[in-house]
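Let the hints inform the model, and build the full structure from the sequences given.
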Amino acid sequence: MTELEKVAPSSWLRMQKDEAGYESDAEVFDYRDIKPDEGFLTKFMEAHAAVKEADITLHALTKAFEDSKQLTALWKQTGENLTIERESMADSKV
Numbered sequence: 003m004t005e006l007e008k009v010a011p012s013s014w015l016r017m018q019k020d021e022a023g024y025e026s027d028a029e030v031f032d033y034r035d036i037k038p039d040e041g042f043l044t045k046f047m048e049a050h051a052a053v054k055e056a057d058i059t060l061h062a063l064t065k066a067f068e069d070s071k072q073l074t075a076l077w078k079q080t081g082e083n084l085t086i087e088r089e090s091m092a093d094s095k096v
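Taking this note's numbering, the leading residue of the sequence shown gets 3, the next gets one more, and so forth.
Worth double-checking, as some hints may not be accurate.
[What the hints assert, rightly or not] Pair ranges (Cβ atoms, derived):
#1 A49 x I86: 49 to 57 Å
#2 M91 x T59: 42 to 50 Å
#3 F46 x Q79: 48 to 56 Å
#4 T80 x T44: 52 to 60 Å
#5 T64 x E87: 46 to 54 Å
[As the list claims (entries may be wrong)] Heads up, simulated SDA-like pairs for lysine to any residue below, C-alpha to C-alpha not over 25 Å straight-line:
#6 K78 x A66
#7 K54 x L73
#8 K95 x G81
#9 K71 x H61
#10 K78 x E68
#11 K54 x F67
#12 K95 x T80
#13 K78 x T64
#14 K78 x A56
#15 K78 x S90
#16 K71 x A56
#17 K65 x Q79
#18 K71 x D57
What the hints contain is simulated information worked out from the structure, not anything from laboratory work.
Note that CB positions come from ideal geometry on N, CA and C, so glycine has one too.
Right under this line is the structure:
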């Protein structure tokens with residue numbers, strides 16, 4: 003059994019019922035009739051790996067963005083606290 007047979011098992015013409023209950027012929031091509039070359043599966047697997055890597059990268063970027071938002075909020079709060087402290091010290095000198 004080839005790798006392609008594991009991923010896409012062979013199918014034939016079959017009857018299907020749609021949501022309304024009507025029967026219709028559904029033609030599903032047998033992949034052996036098309037004769038895909040092995041390069042197709044290789045390219046598909048490479049594309050899948052690229053999408054998976056992009057998903058991991060996107061997840062890391064999203065986490066870094068969330069972390070930077072928290073850090074920005076922390077620095078903003080620290081700046082506000084220092085401003086209040088400075089104003090308090092200026093008022094106590096007067």
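TODO: Take the C-alpha atoms of K65 and Q79, compute the straight-line distance between them, and say whether it is at most 25 Å.
DONE: Judged against 25 Å, a Cα distance of about 21 Å means the pair holds.
TODO: Verify the proposed pairing of K78 with S90, using a straight-line Cα cut of 25 Å.
DONE: holds, 18 Å
Task: Satisfaction of hint between E68 and K78, Cα-Cα up to 25 Å - done: holds, 15 Å
Task: Given pair status - A66, K78, alpha carbons within 25 Å - done: It holds: about 18 Å lies between the C-alpha atoms, which stays within 25 Å.
Task: Hint check for E87 and T64 - Cβ pair distance inside 46 to 54 Å - done: violated, 35 Å
- [ ] Given the range 52 to 60 Å, decide if the beta-carbon distance of T80 to T44 lies inside it.
- [x] holds, 54 Å
Task: 25 Å Cα cutoff - pair K71, A56 - done: At roughly 22 Å apart (the allowed maximum being 25 Å), A56 and K71 satisfy the hint.
Open item on the list: Given the hint of 42 to 50 Å, is the C-beta distance from M91 to T59 inside that range or not?
Closed with: holds, 47 Å
Task: Restraint status (C-alpha distance of K95 to T80 at most 25 Å) - done: holds, 23 Å
Task: Hint check for I86 and A49 - Cβ pair distance inside 49 to 57 Å - done: For A49 and I86 the Cβ distance comes to about 55 Å; the hint holds.
Open item on the list: Need the status of pair K78, A56: alpha-carbon distance at most 25 Å?
Closed with: Given that 25 Å is the threshold and the Cα spacing comes to 32 Å, the pair is violated.
Open item on the list: Holds or violated: K54 and L73, Cα atoms, limit 25 Å.
Closed with: violated, 29 Å
Going through the hint list in order, the structure does not satisfy hints 5, 7, 14.
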